[in-house]
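Student: Protein chains in written order, with the numbering used here: chain A, 1 to 237; chain B, 238 to 329.
Some hints here could point you the wrong way.
[To be verified] Calculated cross-link-like contacts (lysine-lysine; reagent style DSS-like; alpha-carbon spacing at most 27 Å):
#, chain 1, residue 1, chain 2, residue 2
1, B, Lys-240, A, Lys-134
2, B, Lys-310, A, Lys-174
3, A, Lys-126, B, Lys-310
4, A, Lys-174, A, Lys-95
5, A, Lys-95, A, Lys-136
6, B, Lys-310, A, Lys-134
7, A, Lys-134, A, Lys-95
8, A, Lys-49, B, Lys-240
9, A, Lys-49, A, Lys-134
10, B, Lys-310, A, Lys-182
11, A, Lys-178, B, Lys-240
12, A, Lys-26, A, Lys-72
13, A, Lys-95, A, Lys-182
Bear in mind the hints are in silico, worked out from the structure with no lab data behind them.
Listed here are the chains, written in short residue letters.
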Amino acid sequence: MASLEVSRSPLRSRRELEVRSTRQDKCSVLLPTYNERENLPLIVWLLVKSFSESGINYEIIIIDDGSPDGTKDVAEQLEKIYGSDRILLRPREKKLGLGTAYIHGMKHATGNYIIIMDADLSHHPKFIPEFIRKQKEGNFDIVSGTRYKGNGGVYGWDLKRKIIRLYRKEVLEKLIEKCVSKGYVFQMEMIVRARQLNYTIGEVPISFVDRVYGESKLGGNEIISFLRGLLTLFATT
Amino acid sequence: MMKLVQWLWGLAILGSTWVALTTGALGLELPLSCQEVLWPLPAYMLVSTGCYALDTVGCHVATFHDCEDATRKLQSQIQEAQADLARSGLRF
Numbered sequence: 001m002a003s004l005e006v007s008r009s010p011l012r013s014r015r016e017l018e019v020r021s022t023r024q025d026k027c028s029v030l031l032p033t034y035n036e037r038e039n040l041p042l043i044v045w046l047l048v049k050s051f052s053e054s055g056i057n058y059e060i061i062i063i064d065d066g067s068p069d070g071t072k073d074v075a076e077q078l079e080k081i082y083g084s085d086r087i088l089l090r091p092r093e094k095k096l097g098l099g100t101a102y103i104h105g106m107k108h109a110t111g112n113y114i115i116i117m118d119a120d121l122s123h124h125p126k127f128i129p130e131f132i133r134k135q136k137e138g139n140f141d142i143v144s145g146t147r148y149k150g151n152g153g154v155y156g157w158d159l160k161r162k163i164i165r166l167y168r169k170e171v172l173e174k175l176i177e178k179c180v181s182k183g184y185v186f187q188m189e190m191i192v193r194a195r196q197l198n199y200t201i202g203e204v205p206i207s208f209v210d211r212v213y214g215e216s217k218l219g220g221n222e223i224i225s226f227l228r229g230l231l232t233l234f235a236t237t
Numbered sequence: 238m239m240k241l242v243q244w245l246w247g248l249a250i251l252g253s254t255w256v257a258l259t260t261g262a263l264g265l266e267l268p269l270s271c272q273e274v275l276w277p278l279p280a281y282m283l284v285s286t287g288c289y290a291l292d293t294v295g296c297h298v299a300t301f302h303d304c305e306d307a308t309r310k311l312q313s314q315i316q317e318a319q320a321d322l323a324r325s326g327l328r329f
């Protein structure tokens with residue numbers, strides 16, 4: 001009898017833990033913005049819709065780097081509409097780079113999952129519940145969206161690096177500590193470091209639709225610095 | 238310095254082996270057929286690598302899925318979003 005009880009209780013407490021952890025799950029979406037006045041309301045609406053429909057607790061952290069087009073005003077309006085517990089405004093004075101935007105955003109994140117994505121509608125938030133499902137499925141440290149597998153694909157010949165990823169909070173904190181590059185290269189370095197630290201990475205097929213509004217911030221300069229960053233990564237990792 | 242160093246080491250080892258074999262520094266008498274293959278090997282490997290790279294990129298580009306469905310759906314959702322937000326008082 002005693003041995004039966006012992007074998008039953010670890011199973012029950014494990015199940016209890018799973019249920020409790022689902023209730024405690026919270027997703028913090030980091031949204032660095034620069035001149036996204038048109039796209040920001042749309043991406044926030046889509047995020048709110050996806051999270052509400054899937055019942056996942058969430059917060060959206062908007063890090064605006066002093067956009068001259070008034071992105072911050074739109075963000076403030078969104079905060080009024082959806083509440084300051086859902087929309088967190090953490091703006092900065094000027095353009096200080098993607099990496100530091102994430103660091104800044106993370107300081108205010110209260111979720112156990114962190115989603116990093118672009119604010120320009122290149123990724124549809126409908127995939128986020130998929131990411132969380134995938135994470136739980138394989139207990140992955142990172143889940144990345146891929147356009148190359150499964151149902152993934154693109155519309156519009158934009159093969160630029162657009163990344164949407166889910167990180168467990170502790171994993172992102174550790175990785176950010178270790179990364180040294182700036183800008184878009186930063187995203188690549190994260191994966192390299194993750195591999196070195198033996199973090200597990202899962203993939204979810206996503207579709208990528210080319211920019212609807214606004215101009216892309218990827219010019220010739222960015223491409224050169226991307227290549228330079230790539231070579232630096234090659235020589236330093 | 239790891240990846241770069243690894244590659245340099247690998248190239249150095251392969252390179253010195255090739256030099257040693259083609260200049261007969263090790264005193265080996267290789268049959269003529271072997272020497273004929275060995276001599277242009279580096280150039281051949283370089284061209285093959287280039288072709289493989291182009292091939293891979295080409296294949297991926299050619300087999301990319303086109304998501305027309307997703308685009309249409311997104312467009313209609315954008316309209317829905319704009320209407321809903323305007324109702325909630327957003328001034329675009």
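Student: Determine for every hint whether it applies to the structure shown.
Tutor: Taking the hints in turn, this is what the structure says about them:
{"no.": "1", "hint": "B:Lys-240 - A:Lys-134", "verdict": "31 Å, violated"}
{"no.": "2", "hint": "B:Lys-310 - A:Lys-174", "verdict": "38 Å, violated"}
{"no.": "3", "hint": "A:Lys-126 - B:Lys-310", "verdict": "11 Å, holds"}
{"no.": "4", "hint": "A:Lys-174 - A:Lys-95", "verdict": "24 Å, holds"}
{"no.": "5", "hint": "A:Lys-95 - A:Lys-136", "verdict": "36 Å, violated"}
{"no.": "6", "hint": "B:Lys-310 - A:Lys-134", "verdict": "24 Å, holds"}
{"no.": "7", "hint": "A:Lys-134 - A:Lys-95", "verdict": "34 Å, violated"}
{"no.": "8", "hint": "A:Lys-49 - B:Lys-240", "verdict": "44 Å, violated"}
{"no.": "9", "hint": "A:Lys-49 - A:Lys-134", "verdict": "20 Å, holds"}
{"no.": "10", "hint": "B:Lys-310 - A:Lys-182", "verdict": "35 Å, violated"}
{"no.": "11", "hint": "A:Lys-178 - B:Lys-240", "verdict": "17 Å, holds"}
{"no.": "12", "hint": "A:Lys-26 - A:Lys-72", "verdict": "25 Å, holds"}
{"no.": "13", "hint": "A:Lys-95 - A:Lys-182", "verdict": "12 Å, holds"}
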